[in-house]
Amino acid sequence: MTGSLTLVGLMAVLFGAGISIMLERSLTRVLIGFLLVGNSVNILIYLMSGSPGLAPILNEGVDAAEISDPLPQAFILTAIVINLGITAFMLALIYRSWWLAQLGVKGDEVDDVTDDIEDAEEAADLIRSSAADDAAIQEIIDASDEGPEDLDEELELEAAARDHVEGGGDR
Amino acid sequence: MTAVLVPLVVLLPLLGAAAALILGRRRRAQMAVSASVLSAVAVIAIVLLAAVDGGEPMAVTVGGWEAPFGILLVVDRLSAIMLIISAIVLLGVLIYAVGQGVADRHRETPVSIFYPSYLILSAGVFNAFIAGDLFNLYVGFEILLSASYVLLTLGGTGERIRAGVTYIIVSLVSSLFFLSAIALIYGATGTANIAHLSVRIAELPSNVQLILHLLLLIAFGIKAAVFPLSFWLPDSYPTAPAPVTAVFAGLLTKVGVYAIIRTETVIFAEHDLTVLLMIIGGLTLLIGILGALTQADIKRLLSFTLVSHIGYMIFGIAVGTELGYAATIYYVVHHITVQTTLFLTTGLIERFGGATSINRLAGLLKASPLLAILFFIPALNLGGIPPFSGFLGKVGLFLAGADDAGADAAGPAWLIWTVIAAGTITSLITLYALTRFWNMVFWRRREELEGYESVLLESVQEAPEGATVTATRTTPVLMVAATTALVVLTILLTVFAGPLFDLTSRAAANLVDPDVYVSLVFPRGIR
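Quick note, the sequences are listed as chains A and B, same order.
Note that numbering that gives the first Met the number 0 has the first sequence beginning at 0, numbered continuously upward.
Note that numbering that gives the first Met the number 0 has the second sequence beginning at 0, numbered continuously upward.
Don't read these hints as lab results, they were simulated from the structure.
Among these hints, one or two may not hold up.
Per label pair, the in silico range of CB-to-CB distance [as the list claims (entries may be wrong)]:
no. : chain 1 : residue 1 : chain 2 : residue 2 : range
1   : A       : R28       : B       : H270      : 32 to 40 Å
2   : A       : I79       : B       : G154      : 26 to 34 Å
3   : B       : I210      : A       : L22       : 20 to 28 Å
4   : A       : L83       : B       : G154      : 22 to 30 Å
5   : A       : R28       : B       : T293      : 31 to 39 Å
6   : B       : T423      : A       : S25       : 13 to 21 Å
7   : B       : L7        : A       : L83       : 21 to 29 Å
8   : A       : I79       : B       : A401      : 45 to 53 Å
9   : B       : T423      : A       : R28       : 45 to 53 Å
10  : B       : E55       : A       : L22       : 25 to 33 Å
11  : B       : L369      : A       : S25       : 47 to 55 Å
12  : B       : S38       : A       : I79       : 16 to 24 Å
The C-beta atom is built at its ideal place from N, Cα and C for all residues, glycine as well.
Make the full structure from the sequences, and use the hints.
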């Protein structure tokens with residue numbers, strides 16, 4: 000049985016890298032490690048099929064001894080499909096775990112809550128700005144009631160009041 | 000002719016899962032499909048057992064490729080027994096889950112994926128039991144594991160995600176071990192067919208055999224939760240919904256045990272690691288049960304007894320005589336039923352009392368006498384009180400061990416006697432832990448609960464993240480009915496212990512001689 004030394008080296012490197020990454024705490028790294036080790040196991044299966052040969056299709060004139068072993072290839076295909084499914088599930092799990100870690104259990108209702116908060120903030124802004132307008136006008140009225148102490152000041156106040164009213168009108 | 004039924008055992012649940020997924024929102028239809036599929040499989044399994052026990056060969060090559068190349072499904076007596084008991088238990092738990100779902104208006108299973116996942120889990124379990132080659136066994140494992148990942152993290156609460164992560168990573172590692180073992184075995188022998196391997200492995204040098212053997216045992220040992228590979232189980236199982244925990248506890252570890260039985264009897268028939276298995280069995284028994292002793296939470300307590308009692312089966316496999324295997328198979332059947340029943344009853348206690356901790360429950364006997372009986376019978380059974388099946392199974396195992404120690408075939412006699420002693424102690428401690436729970440929860444008066452102090456409860460520890468459950472004070476009829484049915488089944492295992500033990504003896508007779516399995520797959524001999 001002859002195998003490719005390059006593949007053996009690649010398998011060893013993938014195994015080593017995969018296992019060392021899998022030992023990390025972060026789930027994403029565990030997933031990456033799992034993918035690396037999974038692929039190196041697939042290479043291991045391929046290596047076990049022996050020396051490479053023709054495509055495993057038995058036609059007339061093809062010597063059965065010359066074709067490569069099809070069974071390990073079937074194994075690898077199956078293993079790849081299984082790994083794909085598990086990777087998809089792991090990604091969902093990682094996302095969910097991140098979600099819970101960031102937002103806690105109440106994260107589930109977060110969509111509605113943000114909308115509500117935005118609405119509430121908008122309303123509060125409106126109220127605040129109109130209250131500020133009211134206060135400013137009230138101040139001007141109060142000031143004018145007290146009587147003109149200084150012409151310049153009175154003029155300034157009038158100008159300010161006009162600005163305010165115009166600003167309100169623009170709205 | 001009944002051989003045509005064999006692929007249906009896997010096919011029906013898979014098709015059922017597809018149908019249930021399509022039915023999505025229509026829960027009634029989903030439930031009907033799931034229940035009828037599992038009933039059909041149970042009936043098929045009974046027909047198969049009758050045919051196999053009558054001596055009909057049952058090896059089907061799916062896809063038409065001849066063994067050893069094609070996908071092979073083999074049913075012998077052991078497979079048929081496992082199929083029947085798992086189909087019945089799965090059906091019982093399904094009915095329980097339906098009851099719970101109806102009562103809770105599906106709060107536990109908010110998504111429509113519970114029934115499809117459950118059926119896929121069943122398909123994986125059934126596939127593992129009838130797989131005729133190692134790679135198909137791997138596929139069976141992956142099917143059931145993928146479904147179990149979904150079921151364990153159902154609903155996606157923080158607690159379940161945390162428990163699920165441990166379980167998933169451990170399972171992934173064990174799958175990688177298994178796949179590497181398959182690759183190396185294929186490289187060494189050029190086949191993955193179990194019957195073919197039985198012949199080819201024996202031709203290998205013994206050190207190569209040792210490595211392959213250990214690799215397979217590690218992979219299966221993680222799944223069967225054998226010490227020291229059992230650390231993950233008590234942390235991950237108890238957080239799932241009650242029916243899921245029950246079916247995991249009952250069946251998933253036993254799939255690992257089944258794979259170990261096949262490894263020891265057929266694949267490595269000539270090469271034995273008896274002493275190692277014996278030691279591991281003894282340690283699993285003792286360390287598991289010592290863990291159970293300190294738990295206040297009944298779910299964790301039961302998880303530890305589950306780990307512990309796997310030791311009995313490993314002991315039976317290590318003994319390796321015909322009587323040893325017969326007792327092991329009987330014990331597996333008993334343990335699947337009893338452990339599942341106990342977890343289901345725990346689910347009822349949790350609903351009724353609003354807690355699973357020994358420190359927070361009391362006075363349930365007066366509140367619900369039926370619940371007390373439903374817990375008491377399987378608890379005594381698990382503890383090994385005569386005349387229940389737990390007692391019979393343990394006696395069978397110890398007799399087999401004592402016979403073997405006399406003949407001095409499998410390992411030194413003192414080791415066998417030590418493990419038998421460990422088994423007896425384990426049985427007593429199990430009884431102690433479970434009756435303590437029963438006494439405190441059912442017998443203690445409700446008024447005593449506040450400030451209750453007892454030497455019995457001094458050392459128990461609460462579950463790390465005990466979820467608070469609101470007591471509903473109701474026990475839905477369907478849930479109680481399913482649990483009662485399973486309790487009755489455990490009693491039937493006792494009443495019909497004689498015929499059942501004869502059956503497992505015949506199954507064991509097939510196992511001790513690997514040629515029976517080989518000639519089943521290769522009737523005309525291996526080319």
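Looking only at beta-carbon atoms, does the pair R28 of chain A, T293 of chain B fall within the given range of 31 to 39 Å? Between R28 of chain A and T293 of chain B, where Cβ atoms are some 34 Å apart, the hint holds.
So does S38 of chain B sit 16 to 24 Å from I79 of chain A, Cβ to Cβ? Check failed, 36 Å falls outside 16 to 24 Å.
Whether the CB-CB distance between I79 of chain A and G154 of chain B falls inside 26 to 34 Å: holds (30 Å)
Take a look at whether the Cβ-Cβ distance between R28 of chain A and H270 of chain B falls inside 32 to 40 Å. Given about 38 Å between the Cβ atoms, the range holds.
Quick check: does the Cβ-Cβ distance between I210 of chain B and L22 of chain A fall within 20 to 28 Å? holds (23 Å)
Is it true that the C-beta distance of T423 of chain B to R28 of chain A lies inside 45 to 53 Å, as the hint says? holds (46 Å)
Given the hint of 25 to 33 Å, is the C-beta distance from E55 of chain B to L22 of chain A inside that range or not? About 51 Å separates the Cβ atoms of E55 of chain B and L22 of chain A, which means 25 to 33 Å is violated.
For the range 45 to 53 Å, tell me whether the beta carbons of I79 of chain A and A401 of chain B fit it or not. holds (50 Å)
Please test the hint of 47 to 55 Å on the beta carbon pair from L369 of chain B and S25 of chain A. Given about 49 Å between the Cβ atoms, the range holds.
Taking the Cβ atom of T423 of chain B and the Cβ atom of S25 of chain A, is their distance within the range 13 to 21 Å? violated (46 Å)
Quick one: are L7 of chain B and L83 of chain A within 21 to 29 Å, going by C-beta? The hint (21 to 29 Å, Cβ to Cβ) holds, given that L7 of chain B and L83 of chain A are roughly 28 Å apart.
Is the gap between the beta carbons of L83 of chain A and G154 of chain B within 22 to 30 Å? At 25 Å between Cβs, range holds.
Checked against the numbered hints above, the structure violates hints 6, 10 and 12; every other hint is satisfied.
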